Amino acid sequence: MITELKGHAMTMIEDHLRQETFAERRRLAGLLADLTPEQWAHPSLCEGWRVREVVAHITLAYRHSGPRVIAGIVAARGNFNRFADRIARKDTAATSDAELPGSLRVNVEHPWKPPRGGQAGALAHDVLHGLDITEPLGLPSAPPDRIALAIGDPDDRQLAYFGVHVDGISLQATDAGLRIGHGTPIELSAAEIALVVGGRAPVPLPPR
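Mapping of the sequence shown onto this note's numbering: residues 493 to 700, in sequence order.
Be aware that one or more of the hints could be misleading.
If you anchor each label on the Cβ, the simulated ranges turn out as follows [said to hold, decoys possible]:
hint, residue 1, residue 2, range
1, Y653, P535, 18 to 26 Å
2, N573, H657, 16 to 24 Å
3, S557, H657, 33 to 41 Å
4, S681, D648, 49 to 57 Å
Computed cross-link-like contacts, SDA-like style, restricted to lysine to any residue with a CA-CA straight-line distance of at most 20 Å [claimed, not checked]:
hint, residue 1, residue 2
5, K582, N571
6, K605, A563
7, K605, A553
8, K582, G610
9, K605, A515
10, K582, G558
11, K605, H617
12, K605, Q511
13, K605, R555
14, K605, F575
15, K605, A576
16, K582, R542
17, K582, A568
18, K605, R542
19, K605, V561
20, K605, P535
21, K582, H508
22, K582, G570
23, K605, R518
24, K582, P603
25, K582, Q611
26, K605, M504
27, K582, A640
28, K605, A640
29, K605, N573
30, K582, G594
31, K582, E601
32, K605, T503
33, K605, A521
34, K605, Y554
35, K605, I565
36, K582, G613
37, K605, H508
38, K605, M502
Rather than coming from a laboratory, the hints here were simulated on the basis of the structure.
Since the model is a prediction, treat every value here as computed from it, not as a measurement.
All C-beta atoms, glycine included, are put in the ideal place defined by N, C-alpha and C.
Start from the sequences, fold in the hints, and give me the full structure.
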């Protein structure tokens with residue numbers, strides 16, 4: 493009985509994550525549909541990428557099969573970031589600004605999940621890269637509760653992936669139930685915390 497209840501709870505959590513992922517893709521597709529050529533060419537928060545490269549990256553899995561992605565990573569000598577940069581630039585050169593949001597719009601309910609990331613990883617991927625676009629353009633970010641769900645409670649390994657260390661401080665969202673780390677409290681919005689956790693913004697210093 494307990495096992496069945498746990499299984500049911502996990503199914504409900506997974507379904508909630510899935511629906512929030514779909515909602516975020518739908519939200520982003522709507523924003524992208526109205527971008528000007530200047531906005532498409534605007535630098536994103538991803539170093540070296542414009543908005544269009546970020547969108548090409550978000551939609552990569554909708555155009556390329558798993559075996560093709562693996563072959564690309566092998567060709568990049570196992571360096572995923574190098575592969576991602578190559579394929580984003582190649583796809584951008586071959587895809588118009590009008591086609592990029594369409595690729596997202598028709599794949600809102602695509603089942604893609606990052607390797608070992610699961611549905612939570614899919615949501616985090618879309619939310620964080622969404623911020624890479626909306627922050628520099630001054631557009632609305634994802635709802636705070638969705639950002640909090642996407643960020644969750646990252647462990648040291650996940651934070652270290654982006655070179656982030658929150659020793660001695662606790663990042664606390666003012667607009668959602670999100671708290672990262674232990675120590676001196678520092679209040680930020682959920683979006684601001686996501687930018688810190690994702691290595692897009694510096695870790696704030698505790699007040700003196």
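Restraint check for K605 with M504, where alpha carbons must lie at most 20 Å apart: holds (17 Å)
Distance restraint between K605 and R542, which requires alpha-carbon spacing of 20 Å or less: violated (24 Å)
Holds or violated: K605 to A553, with C-alpha atoms at most 20 Å apart: holds (9 Å)
Pairwise hint evaluation, A563 against K605, where the allowed Cα distance is 20 Å at most: It holds: about 18 Å lies between the C-alpha atoms, which stays within 20 Å.
Holds or violated: K605 to Y554, with C-alpha atoms at most 20 Å apart: holds (11 Å)
Restraint status (C-alpha distance of K605 to T503 at most 20 Å): Holds, because 16 Å separates the two Cα atoms, which is no more than 20 Å.
Pair hint K582 and A568, alpha-carbon separation not exceeding 20 Å: holds (14 Å)
Pairwise hint evaluation, A521 against K605, where the allowed Cα distance is 20 Å at most: holds (18 Å)
20 Å Cα cutoff - pair K582, H508: Not OK: K582 and H508 at ~34 Å, beyond 20 Å, violated.
Satisfaction of hint between A515 and K605, Cα-Cα up to 20 Å: Holds, because 15 Å separates the two Cα atoms, which is no more than 20 Å.
Distance restraint between K582 and G610, which requires alpha-carbon spacing of 20 Å or less: violated (27 Å)
Given hint A640 paired with K582 - CA-CA distance at most 20 Å: Violated - the C-alpha atoms of A640 and K582 are around 33 Å apart, more than 20 Å.
When each numbered hint is compared with the structure, violations occur for hints 4, 8, 18, 20, 21, 24, 25, 27, 31 and 36.
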